[in-house]
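Visitor: The chain contents come next:
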Amino acid sequence: MKKTILALASVAALAGPVQAQTYPARPVTMVVPFAAGGPTDIVARIVAEHMSKTLGQQIVVENVAGAGGTTGITRAAQSKNDGYTIMMGHMGTHGAAPALYANLKYDPTKDFEPVGMAAGTPILIVAKKAFPANNLKEMIAYLKANPDKVNQAHAGIGAVSHMTCVLFNSQVGIKPTAVPYSGTGPALNDLVSGQVDYMCDQIVNLVTQIKAGSIRAYAIASAERSPALPDVPTTKEAGMPEYEVTAWNAIFAPKGTPKEIVTALSSALDKALDDAPTKARLLELGGVLPSAKERGGEWLGAFVVKEVARWTPVLQASK
Amino acid sequence: MEAFLGNLSLGFGVALTLNNIFLCFIGCMVGTLIGVLPGVGPIATIAMLLPITFGFDPTGALIMLAGIYYGAQYGGSTTAILVNIPGEATSVVTVLDGHQMAKQGRAGVALGMAAIGSFFAGTVATLLIAALGQPLTKLAQLFGPAEYFSLMIMGLVFAVVLARGSILKAICMILMGLLLATVGTDLETGQERLTLGIQDLSDGVDFAVLAMGIFGFAEIVRNLENPETRDVVRAAIGRLWPGKDDFRQSYFPILRGTIVGAVLGILPGNGAVLGPFASYTIEKKIAKDARRFGRGAIEGVAGPEAANNAGAQTAFIPLLTLGIPPNAVMALMVGAMTIHGIIPGPQVMTKNPELFWGMIASMWLGNLMLLVINLPLIGLWVKLLQVPYRLMFPAIMIFCCIGIYSINNSTSDVLFTAFFGLVGYSLLKLGFEPAPMLLGFVLGKLMEEKLRQALILSRGSFATFVERPVSGVLLGVAVIMLLIALVPSVRKGRDVVFTE
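Going down the list, the protein sequences come from chains A and B.
Quick note on this note's numbering: the first sequence kicks off at 1 and runs consecutively.
Quick note on this note's numbering: the second sequence kicks off at 1 and runs consecutively.
If we strip away everything but chain A, and leave its shape as in the complex, we get (with noise of 0.2 Å):
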């Protein structure tokens, strides 16, 4: 009986320390919090699949959508801290959230820590194929020649197609009657057949139609000009310097993963983004990678902070 009691108590002793050490000694649990098959969902999955050799250990995407990814994130959040749910929030669901729902749950800036940018999509401003306008200043020139005539259409209220929109309009200093769609599919097929004028949206939904000539694209709002879309202006050299968003998406585990854990998932996924066939597959979303001095959870921690105050003026003013 003694000798049981030895052998557990040592046992127990042990089981702390090495935990750490020989983390993961289990499959990690990725949530996130949007559909199978979305923009986030297809980083979260190409990042997860390098991260997963480097940890020796599967890392299994959870799909739990809602509330504009509030739910899945809320869940994450009061997950266990222990190194086995981590998460892949976004811009939406760390930046813009606090703004849009009242009842969150769970504070960006408090309740996690960050363990590394990941991969974003840059915001495309595109309008109909017949928009009277052959650039971003005529078109901004139309748009507020003719507030009352001009649709602008959006996937739903929190989508990044929303909220990136208010932006513009808010730094266009317009407001044009917005039509709600329940996602970026429905909203662009209305574009293309020209029901609706213009819309943001993410890079990765639209640079088909914008090759195939269906709608017309004036600018993309990233620092640099996408490989996949290389006609396509930036703000900047269009004229609109300060319109700069890129939908991001950043890996965040609950708040009190010990810190040795949180370091090994930033190098597994700083390994997975120098990863030369990951890093193709993610360009050829049209994404950008964060750069050196972006990498790593501090850069990420700072980085929501800022997200957060600039989104919530905006959109709570657009209310």
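A couple of the hints might just be wrong.
Unchecked claim - Only some residues are given here: those of chain A computed to face chain B with a beta carbon under 7 Å: (1) I42; (2) R45; (3) Q195; (4) A238.
To be verified - Listed below are the simulated BS3-like cross-link pairs for lysine-lysine, each with C-alpha atoms no more than 30 Å apart in a straight line: (5) A:K211 - B:K169; (6) A:K211 - A:K53; (7) B:K351 - A:K279; (8) B:K288 - A:K128.
By construction, these hints were calculated from the structure, which means they are not laboratory data.
Using N, Cα and C, we set each Cβ at its ideal position, and we do this for glycine too.
Guided by the hints, dock chain B onto chain A, whose structure is given.
Guide: Frame of chain A, contents of chain B only:
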């Protein structure tokens, strides 16, 4: 024509390599087995199985995914027929007569006819995509919010006009379905509506949750009330294979179903949902003895199943030719393609012709595989009905719960299903038919969205619905249908769309 044949032979050259045949087979097989779980429709199945395709080259992966899609779709029909649970909106209609056939010991015939009807529709739809995919996208472009709203109105009027029994009760159920569809976050303002402060309702009620509660759980409770009748049902198994008469009765329904389903499948939004309902309505309207419907008429399985599969297939057209996913399943397919480095759209056809035509050829191959896999399985499925009910109902319950949970990894969904089970049981007791409610629910979300979009675009003018020609014609048809219902002599011959 020559180019068309050349393209098809290129496609079959790709699809018929040993490797791809194998992937297609595995996809269909796994899709069928997972899709047969109650409540696990194509969306959940594809999402679950997406990771296993990561290791393959894009063409192989897409062929496998297409196989999974068809498999899951057909698996849904199997559960509809065997245990009265529609896994997704398009198999609601299959439940009506399919499960009645199963109760009469004709489950094998129903499953067989569903497979054959699906195969025929799949073949026709594949040819349609290959030959006319490009020009057909124009049809989708004709439909703006106003047109879509009018189409939905027509769908609802069909249901009202043709419902037998108490027309008042049918209307009540449709309205209840519409109301249920309004639960959740308002699209335009972001405010929560009718959620009673329950966080899990902020995205509304899931279709699978409602359907499994109202049909599946309620049916189990009803069966438990008088288990004797249930055991009589399973004693009579009958023939496994459709006979000559069954085929004779099904030829034309399958043909009509295919046409209706294929056309509606091309529409954006979720036109394919209307296909089986429209097919059922047509069959019932032209049948000599409409009373057979709802009591195990084989036309009521053959037609809608053909429409279902044709629509499932032609829904690929807007995706492949425009790059715009027309519904949630196709949106998931876009994601799957993107993960494999292919962004769907017109350029796929020119840039990766072997992938494009290979996938089209594999659509047909997938349908063939389904036939090959499912015909031998029918015997097995039917044998399941012989399991004593005291063993079967807990198993169904467990699988239902697993299925619902897996849709969004949410336990509250399971609780909601139990709640709707109680609602469904009360409705049965009060003589309300659940099918009109589901139709109202399915159409309701789209209807509200399209109504508001159309009115926002017209700056509040209702005239937009009649001024736009396509919309005006659709509304006109709806009004004529309604008038027919109001003329007493015609009314006598009113058929039954929704009876159990």
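Visitor: Does each hint fit the structure? Answer for all of them.
Guide: Here's how the hints hold up against the structure:
Taking 7 Å as the C-beta cut-off, the interface hint given for I42 of chain A holds, the closest approach to chain B being about 5 Å. With its C-beta approaching chain B no nearer than about 6 Å, R45 of chain A sits inside the 7 Å limit, and its interface hint holds. For Q195 of chain A, the shortest C-beta to C-beta distance to chain B is roughly 4 Å, which falls under 7 Å, so the interface hint holds. Because the closest C-beta pair between A238 of chain A and chain B is about 24 Å apart, greater than 7 Å, the hint is violated.
Simply put, K211 of chain A and K169 of chain B have alpha-carbon atoms about 52 Å apart, too far for the 30 Å limit, and the pair is violated. For the hint linking K211 of chain A to K53 of chain A, the alpha-carbon distance of about 35 Å lies beyond 30 Å, and the restraint is violated. In summary, the hint linking K351 of chain B to K279 of chain A is supported, as the alpha carbons are separated by about 22 Å, within the 30 Å threshold. For the hint pairing K288 of chain B with K128 of chain A, the CA-to-CA distance comes to about 51 Å; that exceeds 30 Å, so the pair is violated.
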